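> From first to last, the protein sequence lines are chains A and B.
Under my numbering, the first sequence is numbered contiguously, ending at residue 290.
Under my numbering, the second sequence is numbered contiguously, ending at residue 974.
Read the hints as simulated data drawn from the structure, not as lab findings.
As the structure is a prediction and not an experimental result, all values here were calculated from the model.
Don't take every hint at face value.
Restraint ranges, calculated between C-beta atoms of paired labels, are given here [said to hold, decoys possible]:
1. A/Leu210 x B/Asp552: 32 to 42 angstroms
2. B/Lys621 x A/Asp212: 19 to 29 angstroms
3. A/Gly24 x B/Ser451: 27 to 37 angstroms
4. A/Asp182 x B/Ala595: 37 to 47 angstroms
5. A/Asp222 x B/Asp778: 58 to 68 angstroms
Derived lysine to aspartate or glutamate pairs resembling EDC-like cross-links, with alpha carbons at most 16 angstroms apart [claimed, not checked]:
6. B/Lys591 x A/Asp119
7. B/Lys591 x A/Glu122
8. B/Lys577 x B/Asp552
9. B/Lys420 x A/Asp120
10. B/Lys321 x B/Asp457
11. A/Lys276 x A/Glu122
12. B/Lys821 x B/Glu973
13. B/Lys420 x A/Asp119
Glycine included, each C-beta is placed from N, C-alpha and C at the ideal position.
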Amino acid sequence: MSANRPLCFQDLILRLHQFWSEKGCAILQPYDTELGAGTLSPHTTLRALGNKPWAAAYVQPCRRPSDGRYGENPNRLQHYYQYQVLLKPTPADSQQLLLDSYRAIGIDPEKHDIRFVEDDWENPTIGAWGLGWEVWCDGMEVSQFTYFQQVGGIPTVMPSTELTYGLERLAMYVQGVENVYDLDFNGKGLKYGDIFLRAERDYSRHNFELADTGMLLTHFNDAERESIRLAEAGIAQPAYDQCLKASHLFNLLDARGVISVSERASYIGRVRTLAKASCEAWLAGEEENS
Amino acid sequence: MAEMLLELFSEEIPAGMQSRAAEDLASALTKAFDGLAPRDIQTFFGARRIAASITLDHEIPARTVSERGPRESAPEKALAGFTRKHGVTPADLTLEDGFWVLNQNLDPVSAETRIADVVPEILWKFPWPKSMRWGAGSNFTWVRPLRRITCILDGRVVPFSLARDGDDAHGLRSSNLSEGHRFVAPGAFEVTSTSQWKDELETRSVIVDVDTRRDMIRTGIARLAAQQNISVVEDAGLVDEVAGLVEYPVPLLGHIGAAFMDLPAEVMQVSMRINQRYFALRTPEGKAAPFFAFVANLPFKDGGALTTAGNERVLSARFADARHFWDLDRKTPLADRVPALDAVTFHAKLGTQGARAQRISTLARHVAEAMGLTSQQADQAYRAGLLAKADLTTGMVGEFPELQGVMGGYYAAHDGEDSATAQAVAEHYMPRGLGDDTATAPVSVAVALADRLDLLAGFFAISETPTGSGDPYGLRRAALGVIRSIRDNALRLNLTDLFSKAAGERTGGELPRLPDFIAERLRVQLRSEGKRHDVLAATLAGGLDGDLVRLLARTDALSDMIQTENGRNLLAAAKRAANILRIEDKKDGPHTGQPDSTLYAQDEERALAKALDEAIVQTQQTLKEERFTDAMQAMAALRPVLDQFFEAVIVNAPEPEIRANRLRLLTKFRQTTALIADFGQIEG
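Bound conformation, chain A alone (with noise of 0.2 angstroms):
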């Protein structure tokens, strides 16, 4: 860490913007719908695919009902923010780019302990699994490493890295904080808990008590039955806005309470058949225009 004052939390995403900024990423902006991680949007899961180059970077709000605390875990929440790249193919310094964005963020590699420790990544619902670490720093997971070799049960002809930040970790540690409400937001005063707090507490009751199962049950078999029909359509975003809708819809039923262990699996095939049409529409799609 810089002897400096530490990074706000809006300062941390900009030294990132910059930095794989000048990597030749392009900077993109969060995806418009809710997802459950950074991977899920389309420009990661859907670029990941086919043999184009692809470098991006973009900060996406990542929702997880089931994580919901009412604002009373210091750690953990049901809304929080990613820091994603995505890099195709990968860098032979892939490593050696985290370690040099770690600098930028006022960690210093040399005077802290980082380790690279075995994380096999796999994401059943989007049939998607890749190797590669979690990034420790002094024993605190600060990023998801992957190499990516299948997106949508479909194999990566031309893999990409990826790196995942969780972003309120990093800033907490970077700025010493226990608790992610006492987050320096901006550097003049206003803090994470500001913003989120009320929006923590009001979600987490949603989430596990008042959203309506019966609604969402049908809004998770209309976007299914949409999504089918848009990748027999061959328009592969539309359809996959709707796979990712059913897998939100899936995740809040999850945190009802409603879905049984056996249900589970069952529903998250269904969002895996919707995953893969959707990244065979896209590879179709890519072929033809190629």
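Given the coordinates of chain A, work out where chain B should sit on it, guided by the hints.
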């Protein structure tokens, strides 16, 4: 004689795969260098490299290799195939004993040539459990991207490339360059020999010998602990894993905040181990110490103050999470959680965890009664059975499944359940594995048995039984748990009866096979203890005795007996009788029925008949009284009369009636020995 060093330098290799990979590398090289007399093999592995050093001859000498081809009479196609395969013409072949033979004089092959030939092939086909593609266009895979190949023979590079068939294999070529620690000493250095490589790596903060790293971790932590007058909780698995995560182990000690010291020691330890790979420490009284040990990957100029502070903060966050669950979980008594188990599926065909809790509860009472426990203890077993699975609905067990049972025990005690009940909830998963102890408190044992009997009976009833290496429901482990709980506590139980209680209304499926399954596990267990499994097979021949303690006592007595001289001879006589009967029974059917005393022609027959009658009475009596050693002695005492019988009597006498009578006498002898075991199963 030449020394070869091969180092494969990559991005971080999963800790659990390193040692196996180094072994695989060594064995592949040994095999490939067959003609070079490979020796003095050393293997090295760590977070970023696997390596092997081997001494080889300088060359494979010139030699003649002959290969036999098709017969002279074979169709021409076969001959054409053979010549094409070897790139020769029929003129190069000679005829030997009706076969076409190719004799090839092979030139000497230098070690260098051989290395360059075989190493690329070995790397292309390397058996990583999981490997990956990277970059843009090569199909060469490795566990994580492979960055350097160091390959030297007596200090000189053995040049080769991994490219083949138009695939550039990421441009990977051998060189004499290696790399040290990522942060302390970035950049390459030249390698001239294995020992120079090791030394240079050490100066560049990489300890490439895993035993040295393990030792640095163990002794380093022990020294730090001793300074605080505390001790380390031994964890060899964790030492191994950490030794695979760091190239230069630097053990450090951090503090645990006082605010967390009331968390259960198991919670702290699991959170530290699973999430952080930290070592737990104990006070001289055996309580959790307010410290943790961790291992950094490089020496710091500040002595590790910054990284220690960072690790302390991370652990605080972890413990804050654990405290959240600990506080929240205790707000709902375990008993109130039982109904929630009705919503948790145990298995689609076996119903919910709620139904299972009810079954375990009822069965635990039966087991307690069968164990002869008091009615109060039987009630405790019933209660503990009901509560045993309730902690599956707690936040803590959701976070750390390995704490199931342990947390239930804490929560039950917190709820004011009586101590035997709480203890049984905590201990009913014991033994958790091979290295774990069995429960000894009677109520705990009753619930532990009920848990496993229900599991076994359920899955056997729906025919979900282990196949080959597949045992998704842990039924082998469950069976072993039953066996160990019974043996360790010397419980006199009738398993057959308990199986039928556990099966309840269920019938069919593979349930009838359950006793055989237990018997098989028992055989495997005894074999692993170095006992003679054939002796167990002999005592099991009549089917599983539901009383395992009795069965094992009988087996031990038999095992002792056949090691005495009388026993050995008895065994030999029994085999001889069995052989004769096998042959003669085949000719004219089994010779059953009592021998006719009027048909005895020799005294030795009469003596044997009399001795058998006595032995039968005595054996039956002693078996009934479970005096197994006496039973075996009664049997072994038959030896002299048997010896005399076989010495003096010709079984296959010319007179048919006398012959048949003698065979009936031998049958009776076999029936007598069958009272204690099937001698035919005993080897040797």
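> Broken hints, numbered, in rising order?
Of the numbered hints given earlier, those the structure breaks are 4, 6, 7, 10, listed in rising order.
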